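Asks: Protein chains in written order, with the working numbering: chain A, 1 to 162; chain B, 163 to 324.
Worth double-checking, as some hints may not be accurate.
[Stated by the list, open to error] Simulated crosslink set (SDA-like; lysine to any residue; CA at most 25 Å straight-line): (1) LYS286(B) - PRO261(B); (2) LYS286(B) - PRO99(A); (3) LYS286(B) - ARG136(A); (4) LYS28(A) - SER91(A).
It should be emphasised that the hints constitute simulated quantities derived from the structure, not laboratory data.
The structure presented is a predicted model; accordingly, all values stated were derived computationally and were not measured.
Protein chains: 2
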Amino acid sequence: MTTPLPYRQHDHAHCVEHALADAREICKRSGARLTPIRERVLQLIWQSHQPLGAYELLAALSQDGHQAAPPTVYRALDFLQQHGLVHRIASLNAFVGCPHAGRAHTGCFLICQTCRNVLELTGKEISAAIEQQSQRQGFRIDHVIVEISGQCPACQQAAANS
Amino acid sequence: MTTPLPYRQHDHAHCVEHALADAREICKRSGARLTPIRERVLQLIWQSHQPLGAYELLAALSQDGHQAAPPTVYRALDFLQQHGLVHRIASLNAFVGCPHAGRAHTGCFLICQTCRNVLELTGKEISAAIEQQSQRQGFRIDHVIVEISGQCPACQQAAANS
DNA sequence: AGCCGAACTGTTATATTGTTGCAATCCCTC
DNA sequence: GAGGGATTGCAACAATATAACAGTTCGGCT
Ligand SMILES: [Zn+2]
Ligand SMILES: [Zn+2]
Ligand SMILES: [Zn+2]
Ligand SMILES: [Zn+2]
């Protein structure tokens, strides 16, 4: 078994470039305006695979010399969420970049409690099971949240070696 | 298809009685103290199948004539969660009684955005799919959140008839 | 019964997260 | 270059959750 992204070393600059390029393309196609603030917030979120809180983003914007208040950040986050560029992790009150932006998917998040990195799965098995069980109850689905907290393979190994 | 609980009329007093009796039994067996505050909070939560926020509980306790501050409620909620008597719904910042207290299960919540009622599923299909996908990534699971927002059968029917 | 330590509760203050409302500005279109 | 919608700046506020510490209650023990 190879440790999956993002739980191992990788060329993260590539993740960021890819995410930003995708974002520009997606916004262009849908006629949405990826303004400097929005792009900067997206870039900040993609600093790592660890979700960032709104007020952490706010602090980072202030460090830029950019005057910013909470609504600035929340509005940018709303925009990015609406266009599928970031996801909110409800159990952390934090936001993470979506590696599958543009492709239809139901996020399913593996959250390592040790290194804080988050992996977004897209396998159909889980969403299929959820749809089946909901349908059995006659329930019409709008939105699904699946957040799995635990320990990633890298951190398990690190813990075992100590 | 019959509309499932809690989305149809039912003898809810029975739900409450059952939940409280279960809670007393579970606490007795584990040597935990179901104090008056804790029991009252549990009873308040079971007023309905709609999740209650901590500050709604706080207001209700105050109406009792009980002087209460946020820590009172949060401590009671912590206790009830630790003993599996209530669940926190992360997407609502609210708490709902667990109808399967005492039995090992991974909650999976169907949240009606119209009537606010929440049904907790316990089918194994979803958790099995989650465990399988996590294992495939080498991820060790601590805790799983599945929250499905949408519309319950009763509210779908009501919407169709208008 | 009386004592002790742990658990529980009261109280105040504070931290964290998210929203409302309105004015000013920007950008695209006509 | 005017009109109008989207975006941003800004101030205040609302909602949710926690920290710290003092007082009280409870159950087991002598
Ligand atoms: Zn990366
Ligand atoms: Zn990890
Ligand atoms: Zn009921
Ligand atoms: Zn409903």
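Asks: All the hints need checking, so say for each whether the structure fits it.
Replies: Outcome of the hint check:
Of the pairs offered as hints, the one joining LYS286(B) and PRO261(B) holds, with about 16 Å between alpha carbons and a cut-off of 25 Å not exceeded. Distance hint between LYS286(B) and PRO99(A) is unfulfilled; the C-alpha atoms sit about 29 Å from each other, more than 25 Å. This hinted pair checks out: LYS286(B) and ARG136(A) have alpha carbons roughly 14 Å apart, not beyond 25 Å. With a C-alpha separation of about 32 Å, the suggested pairing of LYS28(A) with SER91(A) is violated against the 25 Å cut-off.
Hints 2, 4 from the list above are not met by this structure, while the remaining hints are.
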